[in-house]
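Those protein sequence lines, which keep their order, are chains A and B. Counting along the first sequence from 1, when you hit position 1 you're at 1 in this note's numbering, and nothing is skipped either side. Counting along the second sequence from 1, when you hit position 41 you're at 41 in this note's numbering, and nothing is skipped either side.
The reader is advised that the hints may include incorrect statements.
Calculated cross-link-like contacts (lysine-lysine; reagent style DSS-like; alpha-carbon spacing at most 25 Å) [what the hints assert, rightly or not]:
(1) B/Lys36 to A/Lys8
(2) A/Lys8 to B/Lys93
(3) B/Lys78 to A/Lys22
(4) B/Lys93 to A/Lys155
(5) B/Lys69 to B/Lys10
(6) B/Lys55 to A/Lys155
(7) B/Lys10 to A/Lys22
(8) B/Lys10 to B/Lys55
(9) A/Lys8 to B/Lys82
(10) B/Lys81 to A/Lys22
(11) B/Lys63 to A/Lys8
(12) B/Lys68 to A/Lys155
(13) B/Lys36 to B/Lys93
(14) B/Lys78 to B/Lys63
(15) A/Lys155 to B/Lys81
What the hints contain is simulated information worked out from the structure, not anything from laboratory work. A quick note: this is a predicted structure, and the numbers were derived from the prediction, not measured.
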Amino acid sequence: MEQKDYIKDISEIRSIMERSSKFISLSGMSGVFMGLFALAGIGAAYVYLDNGLSLNDEDITRKGSYSKAVTFLVVDAILVIVLALSAAIFFTTRRATQEGITIWDRTAQRLVLNISIPLAAAGIFCLALLYHGFIGLIAPAMLVFYGLALLHASKYTVNQVRYLGIGEIIIGLVASFFISHGLLFWALGFGVLHIMYGIIMYVKYEKK
Amino acid sequence: MKDFISRLNKAFESRVRLGIMSVLMVNDEVDFNTLKETLNISDGNIASHISALEKAGYVHVEKRFIGKKPNTSYSVTKSGKKAFHDHLDALEKLISHK
């Protein structure tokens, strides 16, 4: 009888330690939708680059079409990021409400802060790549930086984010050797990997 | 068996105190409201247990003002860390020795 009490004590201690140091309400569905939005954005870019931008086209000057393409891609990327973030916030809030957990607590703030710093560095670095004209390296750089950001942030949330991060790093590194296939690796890293991660997390923790 | 029980720390006998210590062990510093939300217990309940832990020298209490609002934050002391670890070890041994 007494022993059961001690075991309960220990399991409670473990749960409190985890709850108060890690943000664990991250919803798997947000991963799935982030992946879907990423695939849609990459698809749009693929269609646009294929039809809209042909560098051999003599009607458009090379420079004109180039800057138009960059504008399109930047708008496309911003749209994807906004939609993906909205989905992540929506599904995670929904899950937290269902489980009766406060969403914007210290653990959430710490997670957001710690993922924002490497991502901001990534954004600025990619702008520098764009500025110097190293377009081909942008896709691999984003993947590697994003993977490192996830790896770092995994300390503040569910452990599985760590493996997602390692996956992104590997895809990014492979992509850095095949820079003409940037969009393909983006689709793999930001699309397929997110969806896989999301489905695994959803099935494991949320599906009832 | 008796020996193991005597090694359990009396200061951690209540579940609330164990909870408070668990939160403080994994955070550098925690304020009153965070503690209350995490553990889901009443103000007075926390306050009395905290002061007991403070008296034992396991918890450090820091009162200050953020703007005009008073803010109290808690952190675990070195001896608190050691006492908690010892307590956990004793619990573990108790369980493994049946």
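Checklist line | Violated hints, by number in ascending order, as checked against the structure | finding: Numbers 4, 5, 6, 7, 11, 12, 13 - these are the hints that the structure violates, sorted from lowest upward.
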